[in-house]
Structure formats: C-alpha cells, structure tokens
Amino acid sequence: MLQETKLCEEFSAKYYGICALGGMVSAGATHVAITPLDVLKVNMQVNPVKYNSISTSFTTLLREDGVSAFRRGWTGKFFGYGVQGACRFGLYEYFKKLYSNILKDQNKTTIFFFSSASAEVIANVALCPFEAIKVRVQAQPQFAKGLADGFPKLYASEGLHGLYKGLIPLWGRNLPFSMIMFSTFEHSVDFLYRKAIQRKKEDCSITQQLGVTCLAGYAAGSVGSIISNPADNIVASLNNKKAGSLKLVVKKIGLRNLFTRSLPIRIMLVGPVVTLQWLFYDTIKVLSGLPTSGHICSEVEDTGDKIQVNT
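Quick note, in UniProt numbering, the sequence shown goes up one by one and the last residue is 311.
These aren't lab readings, by the way, just hints derived from the structure by calculation.
Computed from a prediction, not measured in an experiment: that's the story for all the values here.
Where a beta carbon is used, it is the ideal one built from N, C-alpha and C, also for glycine.
One or more of the hints may lead you astray.
To be verified - Calculated lysine-lysine pairs in the PhoX-like style (CA-CA distance at most 25 Å, straight line): (1) K14 / K201; (2) K165 / K108; (3) K201 / K108; (4) K252 / K195.
Stated by the list, open to error - Quick list of simulated restraints, FRET-style, between CB atoms: (5) K195 / L287: 24 to 30 Å; (6) D149 / K200: 49 to 55 Å; (7) K251 / I227: 20 to 26 Å; (8) I206 / T56: 26 to 32 Å; (9) I267 / N101: 34 to 40 Å; (10) K251 / S55: 28 to 34 Å; (11) L287 / L248: 47 to 53 Å; (12) M268 / I206: 27 to 33 Å; (13) F191 / N52: 35 to 41 Å; (14) L103 / A13: 44 to 50 Å; (15) F191 / E158: 22 to 28 Å; (16) K252 / D149: 28 to 34 Å; (17) I227 / R194: 21 to 27 Å.
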C-alpha cells in the first residue's frame, strides 16, 4: 500500500512513460490480433451490397482473394493503433492528474471526460495517416500492400489532405468512444469493488484486481462501440473515397444505417479488444510496480460524487 501511495503521489516521467508503453503494447498487439475481423468490418461498411453479412463476407473474401485477404492492413493497425494507444493511455493518466488539480470540487465524470477527450485529440492526430492507409489497403487491395508502399502513393496523389481528410470523422468516432470508455471503466471498477466484491482494492489479490480490470474493460468497450458506430461508418466511407464530404457520406449511408451497419461485428471486435487492452495495460503496470487502473490517488479524496483535491 505504501508503494502504491508513493507512486501515485509522484506521477513522475517514468510513471507516464510506463503508462504510454503499456498503452502502445496493449493497443498494437490486440489490434493486430483482430485484423481478420477488421477486414470484414471495413468491407461491409464500404460495400454493403456485396458484403451484407459476416458469413457471406468471409466466404466471398476467402473465395476471391484467399487467406491473405485477412492479413490486409496489419501494419497500419500495429503501428497506428500502437501510437494511438501510447497517447490515449499515457496522456489520459497525465490529464486526469492535471484536471484533478485544476477542476477542484468537480463531478468525477467531468474529470474523466475532459481527461480522455484531451488525450484522444492528440492520439487521433497520430493515428489518422495510418488509418487512411489501412482502410485503402483493406478495401482496395490493388491500391497498396501496406504502409511501405501505401504512404508514398497516397501522399503523392493527395498530399497531406489525403492522409488527414478523415481526421474530423475520426475525432467524431474516437472522442465519444474514449470519453464513454474511460468513464465507464472508472465507474465500473468503483462499482465492482464497492458493490460486488465489497472489499478495498488493496485487500484483493493481483489476480482478483486483474479480473475486475477485465470486467470493467468489457463493459467499457461494449458501451463505447455503440456510441461511436455512426462515426466509424463515416471514417470508412471517406477513406475509401465513397463520397467526398461528410454531408454526402451521411446522405449515401442513411441515418438508420449509420447506427446499425456493421454494429454486431463492431461489438464483437471492440468489446474483447478493449478488455484485452486493459488486461495487458494493467499487467504491464503491475509488472512495473504500479497499481492497477481505476484507483483514486491518496491526495484525491472520494467525497460522494465529487473529486476534491487536498492542497
């Protein structure tokens, strides 16, 4: 307990560095693992007539392009989401500490929302070029094989605009996702310890703590995927050049389809992926001598529904 308090109070560069490293490894590894499902999702989004269900999409891709089709875009996912994960998790920890000191006597959810949003804005600037290449490679196999040939080809034909034209929809997808995901995770951890386990976190074993991390992570990923699904469809359509503007994309897809298209496979993707990300992230933190996530540090008192910082 003494070690946990000391680490929480210091919030050193090493602390944030470990958090960033944990986020990078956990996000990069998990996104590579689900590349085949992501290939299905992207093709269902950009060509819903041909790929109208998970089963038919799988058989069509396998028949036309072989097993190699399900590896498309893995480099973009590994490097892109690795960089995003480093920024998302590392900067979230930093901003949570910062806003806890600045926004005194504020509702806990407000702190979580501001912290995750601030981190995600930066994380998506880093992710956007990788996402643009990934979608092209997955939906247009003739475009490029991966990052090495995809980056120069897209930059030569469309410049920086081509790499970043999906940034606003990406923010539209990932900002609400991240805000809901982190807030749901934090509140789920709090609920599980107070209502389900009814024990203080420090009185639980590491295995029990990581179990709480997994349950809270699954809840966070599932809720976040539903909230952000419309923007995910827009990102896929823009990067695949199905329409030239947000207005045209929304008109082409239709309001109802924005919320429902590819939602089942996205829940299948995001729920387990976010669960594994939190598990890997907290495992790396534990192995580095840090506490698991979802705690309130010693200098921050939990006073009902408020976060109050002692000075």
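Tested hints:
no.	hint	verdict
1	K14 / K201	holds (23 Å)
2	K165 / K108	violated (34 Å)
3	K201 / K108	holds (19 Å)
4	K252 / K195	violated (46 Å)
5	K195 / L287: 24 to 30 Å	holds (29 Å)
6	D149 / K200: 49 to 55 Å	holds (54 Å)
7	K251 / I227: 20 to 26 Å	holds (22 Å)
8	I206 / T56: 26 to 32 Å	violated (44 Å)
9	I267 / N101: 34 to 40 Å	holds (36 Å)
10	K251 / S55: 28 to 34 Å	holds (29 Å)
11	L287 / L248: 47 to 53 Å	holds (49 Å)
12	M268 / I206: 27 to 33 Å	holds (29 Å)
13	F191 / N52: 35 to 41 Å	holds (39 Å)
14	L103 / A13: 44 to 50 Å	violated (23 Å)
15	F191 / E158: 22 to 28 Å	violated (47 Å)
16	K252 / D149: 28 to 34 Å	holds (29 Å)
17	I227 / R194: 21 to 27 Å	holds (25 Å)
Hint compliance for this structure: hints 2, 4, 8, 14 and 15 are not met, and every other hint is.
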